[in-house]
Structures are given as C-alpha cells and as structure tokens.
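*Asks:* Take a look at the letters that make up each chain.
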Amino acid sequence: MSNKLYVPGTHPDLPPPSNTVGVINWLKTNLFSSPTNTFVTLVCLLFLTQLLPPMFNWLFIDAAYGGNSRQECVAQGSGACWAFISERLNLFVYGFYPIEERWRINLAFCLLLVTLAAVLWDRIPARKYFLAYACIFPFIATWLLIGGLGLTEVPTSDFGGLMLTLVIGVTGISFSLPLGVLLALGRQSELPIIRVFCISFIEFMRGVPLITLLFVASNMLSYFLPPGTNFDLLLRVLIMVTLFASAYMAEVIRGGLQAIPKGQIEAADSLGLKYWSTMRLIILPQALKISIPGIVNTFIGLYKDTTLVIIIGLMDPLGIGRASLADPAWLGLSIEVYIFVAIFFFLCCFSMSRYSLYLEDKLVTEHKH
Amino acid sequence: MKLVNNVIAGMAVSALAATVAQASTLEDVKAAGELKCVVSTGLAGFATPNADGKWEGFDVEFCRAVAAAVLGDGEKVKFIPATTKNRFTVLNSGEGDILFRNTTETMSRDTDLKLTFLPVNYYDGQGFMVPTALGVTSAKDLDGASICIQTGTTTELNLADFFRKNGISYEPVPIETNEEAFANYSGGRCDVYTTDASGLAATRIKFDNPSDHVILSEIISKEPLGGAVRHGDDQWADIGKWVVNALINAEELGINQSNVQDLAAASGDNPSVNRLLGTEGEFGAMIGLDSQWATRAIAQGGNYGEIFERNIGSDSPLNIARGLNALWTNGGILYAAPAR
Amino acid sequence: MSFTSTSPNVLLRAWNNKETRSVIIQILAIALIMACFAYIIRNAVINLETIGKDINFNFLWQPASYDINQYLIEYNSRSSHFTAFIVGLINTLLIAVAGIVLATIAGFLLGVMRLSNNWLTQKIAYVYIEFVRNVPVLLWILLVHGLIIHSLPRPKDSYQLADTFFLNNRGLHSPTPDFQPWFWGVVGLLTASIVFAWWFKRYANRVQQQTGNTYPVFWINCAVIVIIPSLAYWLLGSPIEWKIPSLQGFNFKGGMVVRPEFIALWLALSMYTAAFIGEIVRAGIMAVNHGQTEAAYALGLNSTRTLNLVVIPQALRVIVPPLTSQYLNLTKNSSLAIAIGYMDIVATIGGISLNQTGREMECMLIVLLTYLTFSLLISSVMNWYNNHIKLVDR
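Protein chains in written order, with the numbering used here: chain A, 18 to 386; chain B, 35 to 374; chain C, 109 to 502.
For the record, the hints were derived by calculation from the structure and aren't laboratory data.
Any given hint might turn out to be false.
[Said to hold, decoys possible] Computed cross-link-like contacts, DSBU-like style, restricted to lysine-lysine with a CA-CA straight-line distance of at most 35 Å: (1) C:Lys-231 x B:Lys-112; (2) A:Lys-279 x C:Lys-126; (3) A:Lys-379 x C:Lys-126; (4) B:Lys-256 x C:Lys-161.
Based on the sequences and whatever the hints tell you, model everything.
*Replies:* And the structure:
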C-alpha cells in the first residue's frame, strides 16, 4: 500500500471486496448459500454424475461410426451404432428422390437460404430486390422440385427425408401467415356472417388433433371432390397443414389486434382511410409486431407437427428411419434413428426460437427510441 | 346456384390440375399410360422395392402382367404402397386402379366394402411364429401369450375367434405394418407373431438365424388371397380376372415365358392354347383388349408357376412349397376357368 | 370519384353506402359458403352412390369381433363397435387425465426450478425445457416406447420390488387389491376425517379473522387424514388382500399391468407438456410484481403465507389461460397413441372399426365430434375457473 496522493477524481477504481469475487464466492452464492441449497446442489450433482457419463459413453466413446451391419457395430463397441445413420444419410436427406436429380434439391436449398437471409436479416444490402425475389422463390422451388418445363418430372411420392420436412414446413409457414391474418381480421369483422364463419372454422381446426385431419385428407377427401378427381397426396397434406396452422396463427394475431388501442382505428377513420388501408397501414404493422413471439411459436409447432405425416404413410426422416429399421442387417437400432431425427429438429426449432428472442429484443429497443 | 356450382367445379378442376375420369377404368388407364397398382409397403417375396428402388415380388408380377395385357408394357406400372389400414380406401377413392396386396377375399369386403375380387392367386391361412426356445408345439399352448398382430387385417378377427373358441386368453399387441411387427417381435414385446403363413415365411427369413423361430403347423383360418378392383366396373374386373386366369391356365397348358412367343406366332394343334394366345377366336375383344393380351401378360413374367417359384417358391429365399397352390392336376386346388 | 350523388349508377351508389355494402358482402359470403357446402355434399353423395355406399350408423351395434388389450369396462370380441368406441374413449380420457396430472406437477416443479437461486437447478431446468420442447412429441413417444421395448428385460428376467412389483418390457405388473367388507369401514373413516379437516380449516379461518390467532392447520389436517384411517386399517386387521402377480407361462398373471404403450405415451406426453407448463409457470410467477412480495413481508407475513396468499393467487391468473391450452394440446396429442398401438379412440373406432367395416365417413365423424366435445368442455370449464378466480380476487 502506498500513500500516494491523488488529485480528487483521479483515483483508480479499487478492486471489488474480496468476498464478492472469485470462484469460491461464486459457488457460495449460487450453489451453497443455505443448507437447503447445498442439499439441492448435491442431489443435482449426484443425478448428473449418474446420468451424464453413461450417456456420453453410449453416444460417443463406445459408439461405432463405421461398418456395414449391426454385427460389425456391436464388434466395435457397446454404444450407439452411428454407422447405420451414416450409411443411410442420403436416404435421410433426400428420400427416394432420383439420384441424378438431387442437385435440384441442393440448389433449391441454397436458394431457400438466400431467401431466409433476405427475410430475416434487415441489414442486407439492396433488401428490396431480395424481398421481391423471396416472393417468387416458392414458384422457383416448386419448379425445381417437381420438374416440368425442361426438367425431368419427379412424382411427389418420391419426396422424402429432411427435404420433405422442409417442403411441408416452409410451405405451411409461408401460407399460414397470410391466411391467419385474414382469419383474424374476419374474426374481428363487423359483418356477423363472416365473423361466425371465421370463428367456427378456427374453433373446429383448433378443437381436433392434426392427425385426424390428416386422416381425412389422406382417406376421405376424394369423396368430397368431383367424381373421378384425384389430386396429389402431398398437396392434400400441405393444404391441411396450412389450414390447421392458420387457425392457430389467427388466434395469435387476434391477440395482437386486441392489444391495439381503439384510438388508432378511430384516428385512421377520421383521416378518411378505408377499411383495408386502415388495416394495412395502421393496425396490422403494429399488431404483427406485438405478436411476433406467438407467430414464431406457431411456426415451431407447425414445423414439429410435420412428423405426423408418417402416420399417413409419407416418408419424412422418421418414416425413412422406421422403414430402414426393417432391414435385417440393422435390426433394433430405433434409438439411434430417433436421436438423429431429434437432433435435426432441435437444431431447427431452437434456432427459430433464438431468432424470435432476438427480434423481441430488437423491437423493444426500437420502442425505446 | 347451379351456375355457381358449375363455376366452382370448373375452378376446382382446373386449379387442382385434376385428371377427370371417365366412367371406365380401362379408358382411364389407357389415357394415363400407366396402371396404378396398390401393393404392400414391403413384404419380402410379395412386394418390396429392391436396392435400385424397383418393385419386385409375387404381387408385383401380377400388376405387371395386367399392365402388359392392357398397355403392352409391364413396366408402365405406378406402385402405390398401402398399409393394411388404408388399402381399400386408396382403391375406392380412385388413387389406385387395381389392388394386389396379399388381400383376403371375404364376403363383407366383397359386398360391404364395395370391392370386386379377382380369382384367388394364393391360397393362404393364418399361422403363428414363435421363438424355437419357447418349446411351443401347438397354438393351443399359447394361453396368456402376447401376440403381435397387424391391425386392419382379417388376422385380428380370426385370432379373436380362435382364442374365444378354445377358451384361452391372450394379449393382443396391435401393430400397423409388417416392419414394425417384426421389430416388436424381435425386440421381445410379444411372444408370438401371427399373420398369413406366407407372410410368416417372408418374415422368418429376415432373421440372421431363421431356425431360431418356428412356424407352428396349425393353420387357423382360410385366407384366399387375391387381387381386387372397385365395385361397379365389370369390364375392368373382367380384365383383372382373366389375366389371373390366363397365367394359371398357361401353366396348365404348358405355356411359359420362353415358348409363349413361338406358340403365339401361329395357330397350333391345341385349340385351348390358340384361344388363349389369340390365334383363334376374338377373346381379347370380349374384354376390350386386342388379341395378344394374354401373350403379353405371360411374356412379361411367365406363367403362374414361374412367377411363384421365382418370387416365393424354391428359387427364392422364402422357399414356400406349392402345397395348396399347385395346379389341380398336381394335387393342389388351383383350378382356373378356361378361356372358351 | 363516383362519390358524388350525380353518379348515374345506382349499384355504385349502393356500394358506397356502408350499410348496403355490408349487406351485399354478407349475402355474397353466405351464398359462396352455402354453394361450397352444397357442392361438397353433392360430390360426396354422387361418389358414395357410384360405389354403392350409404351413410349409416347401424354398424355400431354389430359385434366388433376384435380384441382390445386394455379395457376398463367389460369388453370382449363379441361386444359391439359402440362398446369398442367407449373403451377407446375411456382409454383416451385415462391417458389425458393421467398426463395432465403428471404434466402439471412436473411443470410446476420445472417452473420453480427455473426461478431457483441455485445455479445448477436453474440450468438443469433450462436445458431440459429447451431440449424437450424443441423436439416433436411424436419422436418422444417413439423414443420412450423404443427404450422400454429394447432396454427393459423380458418377463423371465423382470426387475422386481419385494416380489410384488415387476417391471419388464411387457409393462409394470402390480398387485390388485381385493377389498374385504371391513375395508369400507376404513373408507368411511377416511371420508369422515376429510370432512373434519375441511370443517377445521374453515373454523381456523374464522378464528383467525376474529382473533388473529392461527393454528398449524396443514399439519393437524395431515395428521387427521393420515393417522386415523391408518390406525383403523391396522386395528381392523388389514382388510385388503392383495392379488400378487406371478410369472405363469408367457406372462405374469394375477394383479394388474400397466402396458408399455401406456407408460410410453404417458411419460412422453407429460414430460413434453411439462416443459411448456414450466415456462408458463415461470412467466406467471415473474409477472407478479416484486413490490407485492415486499409489501407482504412489510405486513409481517412469513414467506409461506406470502406465497400462498399473495404470489400464487396473482400468478394463477396469468398462468391459467395458457395452461388450459396446454391441457387441450395434451389431450389432442394423445391421439398419437396410434403410432405405438395404444388403443385410444383413434385406434379403436377410427382405426380397427373403420377398417373392418369400411365406414370411413361415420367413424371419422364420431372421432372428430368427440375431440371437438373434449375441447369445448375443457375450455368452458377453464373459462369458468378463470372467471371464478378473477371475481374472488378483485
């Protein structure tokens, strides 16, 4: 300690008191602050030590990464058999899409990434053009995937794997939002017939499980179409998934609409704006902003619900996995398949929810300005 | 309202890029240029996609024979894999034109489900498979066992009847597809797997060591398996019926894949052969096809016997004996109506 | 603009009048909706006629002819399709109720863990919630089912607890009680003690309001409800005989069994829903202003009372509405039972019955209507509860 003199205001900051810093102190305040807390910490530690090492061993250390059959896996170690996943990886990604045409999926996926960048990131240069491109992307993607106009046609029954999940998820997400907005507006409408219709539609869709709707789409829809009409199973599923998600979306957006003070509508009215202009320019931009967390949650829900299509026989990654498990060489590896698919879904959904948090933060700061 | 109806109809039809069917399935198939055939999602020997994604199997060959007879090319088939649960809906809704999916003909399916069955192409019966280690010899020893069944089949009804009749109990474990049933049986969720004896044979060879599992000798039901078409289109039903009959008759008449073209080139000494192969009479025109229909069907995959041996018989891993499915002249009950 | 009254076009003028316009739009809308429905029904009639089917519910009274492995009411293969439907309905309700109970308990625990000042518990809850809710529930169901089938032993090598409980890949076998006549005396005593506890609580409240004195109500009531009936049970010579399961032939006999399909569905649905409930609970508790807690402390309430009287009632108001929709989701997700062969309503009437009778329209209609009824029931009960707590607290 020196007895140096300082001009007032120039004394360097002193270090924080020693009982508030350091690992020990951190442990003390966060883990062992009271006897109960200590007990809880010990129980948690016991639980983790019992659970994590065996799990880690099974997943990585004892796992087999190569081999052509289950026997070869077992010979390498008692853990997970990832050889199965790596051998079938192409099937998991592309489904039964013809091998020589798979570049089209890759291209469509890259285009999707560009679209996502344009939609999600608002500091991209020349965003206007990118957004225009995002509007025509669905048509490009459809053309790439289905073919025609110079490309070999690929029947949708060959769609499968992660690619099918993305097709259903992206279509559902992009169409359910506008439909949900319309339904939400209809539900708030002053015209009783339109309101009743929207309410019954929303309540019906929210009241029944998606799987029963998919059953209807796959088994019974053809009864309600003109005699002899028949259209693609995937298209039917896409329509059902979109309608289903739009009902949930409508409820989320309704919440946003209700939060807008009535004064906003009255102000718009007094400015002489018509209904659609009021909605487009004044109400919806505010309502949608408020409902972003809910909208993203609905997207996540929709994305997870795409797995249900295996129950009506479409081959999403789970379906591919289950079908591959019938191969006698790879019997009894269901856990590996499920974990692999789970990780894929976790990555997609977790990043979606992180993005929604980022947006929420950003919007909050925007309000503060 | 009618106008509105028509407008919407027009919109719906054009918007959905739908194919509007005429009354006749034959016309539809010819117009589409492909036969939509409903098959199993995967049953070794009967219908499975091979490593290149090409469908193979006993039922598949019948689809191809029909396509050859109707369209002149056995490759022009679109296979629609269906589970036991949705197979009839797929057919009835028009998604499929014909069904060859190891399906048992029953009265209620024929009448209430509005199907028309084609002649039986495989006489089967429901059996049981158990691990050899259990030492079970008779189905009557299965009291209290857990039994995996494929739901939506006649087997779950037969099973209920059999156990009720014999006054013994069991735990049914309903499973959707053959693959999952296999996974559950091999994982030990059930002690017994029951389905048609042919299906059991197909499942048993999937084990590394098939002799660890034994198929009990008891057969608890009659399962005449055959193709089916929708009710109400007699011409289409006739085509299916006579293609199957033609393949069976071909075996009886000694026509096979290698000699069919020679025999069809010119009228021979055997009038039955001549009638079948179109060198005599107008039998093709009677079902709306040309005179070479049967020739093409037989040339596609051979006669019934050849199809059987190649896919499920002695030339295949399943190695199922002809048994009931031998010709009536060889001690079986395969007895097709003559083309006359 | 055609806004001026000089516009010659009567239609245009009508259109510009707000009331007339709304009438016109509604008439058009109703015409369009009716036309769509008429068109759909017309198609259905024509299509059904073409294949010669009709819509007819008589099949419900025919024997179902199939067996169901889990039935809580009398059922065998000679029972009707309608009975099969009821069996499925009860199974659905069973899984829904069991799932809701477990999910609520686990969810509240998770919510509290998330807010705990213990860093480790907080992180464990966080990782659990994020991981579980970002993976589809169907996957959890299949995963848990796969784990049970493939990692639990076969019946011969069952895990056992005291030779009465057995766990294997055919399920959890436990003894079933066989009630002797005296047992109902114990039940009577139990009811009496619950009534007493209820009365005592009201009495203690009254005393507290009048004099400010408090009794340890919770502990006294616990003692009354637990000790008196147990004592009676012991004195009456344990009037329950247990049927203990034992391995006979292929499976355990006697006692009861909770099947792996039920366990898988139950655990998967509850752990999935619990993750969502955890977040709801956390948000609810955080929504209660910290000033409320401080005010309660300033008034001299201890921390239990603060929690019971101040925090929880206010948090519940935030928690209940989203909780309702989670309960509904759980009920609807229970339809995924079909993926593992649990015999719920979708698997019985919407599955096997549909397939064996070929009556798709009728069966799907029954299934859809049943789920709609569930939804409306749960949401109306929850709405009632919601209004109830609002009224009391304000």
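*Asks:* Are the hints correct? Go through all of them and say.
*Replies:* Here's how the hints hold up against the structure:
1. C:Lys-231 x B:Lys-112: This hinted pair is violated, its Cα atoms lying about 53 Å apart.
2. A:Lys-279 x C:Lys-126: Distance ~20 Å between A:Lys-279 and C:Lys-126 Cα, so the pair holds.
3. A:Lys-379 x C:Lys-126: This hinted pair is violated, its Cα atoms lying about 40 Å apart.
4. B:Lys-256 x C:Lys-161: 27 Å, holds
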